[in-house]
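Take a look at the letters that make up each chain.
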Amino acid sequence: MKQFRKELWFETHSRRQIINITGQVAQCLQESGIIHGLLLCNAMHITASVFINDDESGLHQDFEVWLEGLAPEKPYSRYKHNGYEDNADAHLKRTIMGREVVVAVTDGKLDLGPWEQIFYGEFDGKRKKRVLVKIIGE
Amino acid sequence: MKQFRKELWFETHSRRQIINITGQVAQCLQESGIIHGLLLCNAMHITASVFINDDESGLHQDFEVWLEGLAPEKPYSRYKHNGYEDNADAHLKRTIMGREVVVAVTDGKLDLGPWEQIFYGEFDGKRKKRVLVKIIGE
Amino acid sequence: MKQFRKELWFETHSRRQIINITGQVAQCLQESGIIHGLLLCNAMHITASVFINDDESGLHQDFEVWLEGLAPEKPYSRYKHNGYEDNADAHLKRTIMGREVVVAVTDGKLDLGPWEQIFYGEFDGKRKKRVLVKIIGE
Chain A
0 MKQFRKELWF ETHSRRQIIN ITGQVAQCLQ ESGIIHGLLL CNAMHITASV
50 FINDDESGLH QDFEVWLEGL APEKPYSRYK HNGYEDNADA HLKRTIMGRE
100 VVVAVTDGKL DLGPWEQIFY GEFDGKRKKR VLVKIIGE
Chain B
0 MKQFRKELWF ETHSRRQIIN ITGQVAQCLQ ESGIIHGLLL CNAMHITASV
50 FINDDESGLH QDFEVWLEGL APEKPYSRYK HNGYEDNADA HLKRTIMGRE
100 VVVAVTDGKL DLGPWEQIFY GEFDGKRKKR VLVKIIGE
Chain C
0 MKQFRKELWF ETHSRRQIIN ITGQVAQCLQ ESGIIHGLLL CNAMHITASV
50 FINDDESGLH QDFEVWLEGL APEKPYSRYK HNGYEDNADA HLKRTIMGRE
100 VVVAVTDGKL DLGPWEQIFY GEFDGKRKKR VLVKIIGE
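Protein chains in written order, with numbering that gives the first Met the number 0: chain A, 0 to 137; chain B, 0 to 137; chain C, 0 to 137.
One or more hints might be untrue.
For identical chains, the list gives no copy identity; a pair is met inside one copy or between any two copies.
[Unchecked claim] Subject to a maximum C-alpha distance of 35 Å in a straight line, what follows is the list of computed DSBU-like cross-link-like pairs (lysine-lysine): (1) Lys-108 with Lys-73; (2) Lys-1 with Lys-73; (3) Lys-108 with Lys-79; (4) Lys-125 with Lys-5.
Worth flagging that the hints you see were computed from the coordinates, not collected in a lab. Since the model is a prediction, treat every value here as computed from it, not as a measurement.
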């Protein structure tokens with residue numbers, strides 16, 4: 000069994016941002032030399048997400064509006080978590096979007112459907128945060 | 000390490016439908032000959048879901064009503080994604096329900112709890128779409 | 000390839016409760032002797048969740064209020080599932096929180112970010128229920 004581990008770092012300029020990381024994850028897979036297996040990609044922070052969806056800017060704006068509706072950022076006082084922090088909404092938004100994806104590795108490639116792209120979803124940005132890529136297989 | 004890969008195809012007659020695929024996934028596991036490992040089952044389309052819950056028709060109706068409340072299909076104009084498309088709600092509904100499940104394989108069987116069943120959740124159907132089953136183990 | 004399987008049992012005193020199980024999961028990993036691999040931790044019941052977030056009591060109260068807003072427990076008659084049962088809301092709440100987490104195993108340890116903790120989320124408690132830990136690797 001082979002295994003591979005790498006951290007990807009991100010620092011967004013705004014509080015919330017969606018970044019397509021499919022190319023970076025595919026690069027990890029290539030470095031690993033693994034041909035068949037499973038790839039885990041997860042946010043290492045609890046106010047961020049790794050998810051799979053469509054790379055379409057209208058949809059990404061829809062996500063922003065929709066998540067603000069389900070878990071509004073303000074007023075900060077609406078959340079008990081916001082004593083010393085102001086990011087309770089980010090914990091909830093990331094819960095909706097998910098912490099991680101597991102992707103099949105087949106013939107040395109990410110075994111994704113035609114429109115599947117991997118995204119980093121940042122909900123409390125403007126600081127350095129990490130994504131973990133772990134691959135096991137042969 | 001052994002590995003197995005198979006695609007399952009579905010074409011629903013309605014826009015939204017929930018289909019129990021536990022038997023088909025168990026059949027994949029049997030074909031694989033894998034005794035201990037991990038099984039990934041994921042929608043290959045970004046407007047569909049694979050999830051685990053109860054095979055109870057009342058609950059499935061509850062899911063329909065609940066998801067329509069959280070991410071209504073109409074009016075289509077409420078979503079920016081719906082320029083050439085009308086399926087933004089399906090992207091959001093699938094986000095709630097999840098893209099994938101990972102199931103333990105133990106003694107050659109799906110290691111599920113007593114009521115756990117695997118479902119394909121279609122939110123933009125009436126066309127052929129795929130689910131991926133990938134298994135690694137021994 | 001090595002593999003390890005263990006069930007963790009929980010019985011909460013209230014209908015809903017969040018329990019930090021990171022220590023018990025780490026103990027499983029130690030028992031397994033696995034150094035590099037993937038660890039699956041999933042609820043074996045469809046009204047409970049395993050998820051990763053922050054171990055902060057204010058946030059856990061926010062989850063309670065937020066989930067009650069998205070999928071209220073009462074009136075029980077609002078859900079079709081609630082014929083003989085009263086736990087439809089628990090199926091929906093667990094859907095939001097997620098069934099499972101997959102965690103990387105690196106150098107014999109749970110490869111978690113600094114604030115990542117693993118939780119059992121119970122949404123229909125007061126009875127014995129199980130979590131599955133399955134680890135594969137070397």
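Here is how each hint holds up against the structure:
1. Lys-108 with Lys-73: Neither: 42 Å inside a chain and 38 Å across chains, both beyond 35 Å.
2. Lys-1 with Lys-73: Neither. Shortest intra-copy (46 Å) and inter-copy (48 Å) distances fail the 35 Å Cα cut-off.
3. Lys-108 with Lys-79: between (44 Å within a copy, 32 Å between copies)
4. Lys-125 with Lys-5: within (22 Å within a copy, 40 Å between copies)
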